[in-house]
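**Q** Heads up: the sequence shown begins at 8 in our numbering, then just goes up one per residue.
Honestly, the hints are just simulated from the structure, not real lab data.
Only true hints are included.
Result set (SDA-like, lysine to any residue): computed pairs, CA atoms no more than 20 Å apart in a straight line:
hint : residue 1 : residue 2
1    : K361      : A294
2    : K361      : G273
3    : K361      : T157
4    : K121      : D199
5    : K361      : A168
6    : K361      : R155
7    : K301      : R280
8    : K121      : L82
9    : K301      : F277
10   : K121      : A94
Label pairs and their computed distance ranges (CB to CB):
hint : residue 1 : residue 2 : range
11   : E298      : H101      : 45 to 55 Å
12   : F390      : V353      : 43 to 53 Å
13   : E481      : R280      : 44 to 54 Å
14   : F390      : R364      : 29 to 39 Å
Given the structure is predicted, the values throughout are model-derived calculations rather than measurements.
Backbone N, C-alpha and C define an ideal beta-carbon position, used for all residues, glycine too.
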Amino acid sequence: MIATGRLTATLGRRSQRIVYGRPDPEELRAELDRTTRIDQAHLVMLVDQGLISRTDAARILLAIDRLRRAGFAPLLGLPTPRGLYLAYENYLIHELGGDVGGRLHTGRSRNDLKASATALRLRAVLLELLGELNRLRAVLLSRARAYRATIMPVHTHYQPAMPATYGYYLLGVAVALGRDSVALRRCLDDLDRCPLGAGAITGTDLPIDPTRTAALLGFVAPSLHALDAIASRDNVLRALAAAAGAGLTLSRLATDLQLWSTVEFGFVEFPDRLVGGSSAMPQKRNAFLLEHVKAKPAAAVGAWTAMAQATATAPFTNSIEVGTEAVAAAWPGFRAVLDAVALSQVLVSGARPKPDRMLAGVQDNYVTATVLANRLVRRGVPFRQAHHQVGAAVRSAIAEGRRELILDDPSVNGDGAVDSLDEVVAQHRAGGGPGAFDEVFRGVHAELADEWGHLNRVRNTLRQARRDLAAAVETLIAEATGGHGVG
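Generate the whole structure from the sequences, applying the supplied hints.
**A** Right, here's the structure in full:
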């Protein structure tokens, strides 16, 4: 039992497990890594503001450094009747005494500490997700360029519709993922304010300097409003929605690739390393990884729904529903999308189109019909009449077993058939606009380069903040211990 002064009893073991969970050592280390970084910045600020002595701060910082170097091993087996943070703080108090360890929590609350830790975790997740999405977009562009001339039919309503190329299709997916990346980048950029300093709910009357702690943790500034900082986790919710959007784009890509890799289509083939066999049917080559990509967004959508529902009826203040339960539901959703992106990278890279089957899918299904109707339009025929005439030509070709579409007017047919497929595809590209390839490719490539540049700038800023924090901690300890720094 751990007394608080006001309370003299705590939850039983089963209730503790329900409320605080039973995280594995890796999860505990990750949480403690974020918490102790926040503590280091907080202690540096407290010394700057004269709220704690250099000697006391140095002793706490040295104890934190020992824990970090030990991988937090002394804390992993401790009971957590009131949560991990208080178990960690009580460890410091036990090691250093209440007169020293008890000063760590000066000028803050678990509320702003927890909100800050959530912001740090979300920032790391978004940096990883954006980096992996950029790699996937680079793979899509590489494959699009390689197969820009591989002609295939594009389907609408699962029926052959128009001639295009496999490269053009992949470029379209890259464009769609670009929008998903823009939404995620906005969420990352919005994480520029640090909740630390908001206190329990309305700040503190102690003369703290939240701008200092924000800078040491890699944020631009402290939060605008203490209540908002404590009550809100909408940054997580919005980021999860953007991540789910990327997952849905990938699910649609996987749906197409799964259909095209069937024996009936035979448009795409995967190498043995990316398919599975059957325990009962020796002939099977199952592109089962695509099914994982298709299903992963369900976890993200479900996580968003759970988080939104937990938030919906919570009061706008500190609440377990939002800060603990809702946020906890989000992380598996992010992980599911990250996994889908990683699988998509190897699937897009490994997929090999089968040009003969793709070409036959164009030649056998009259997908140049719209091209022929547009030729009539150029000669002054109203499009609806042209549509009717070509539809009749399709019916005749099917009845006679012909691949070619032939109209009554030989001047429209040319040599009795529509232009070659290569010319048809080239005409669409030459028309400019959405049908073009080169211009779109260059634009997406430039956008991707800009995204990489932005991510690198953010990472450099965070690395510099880590260096500044480490230097501030080292200087403080050295000054307090007569030059005997960390280590």
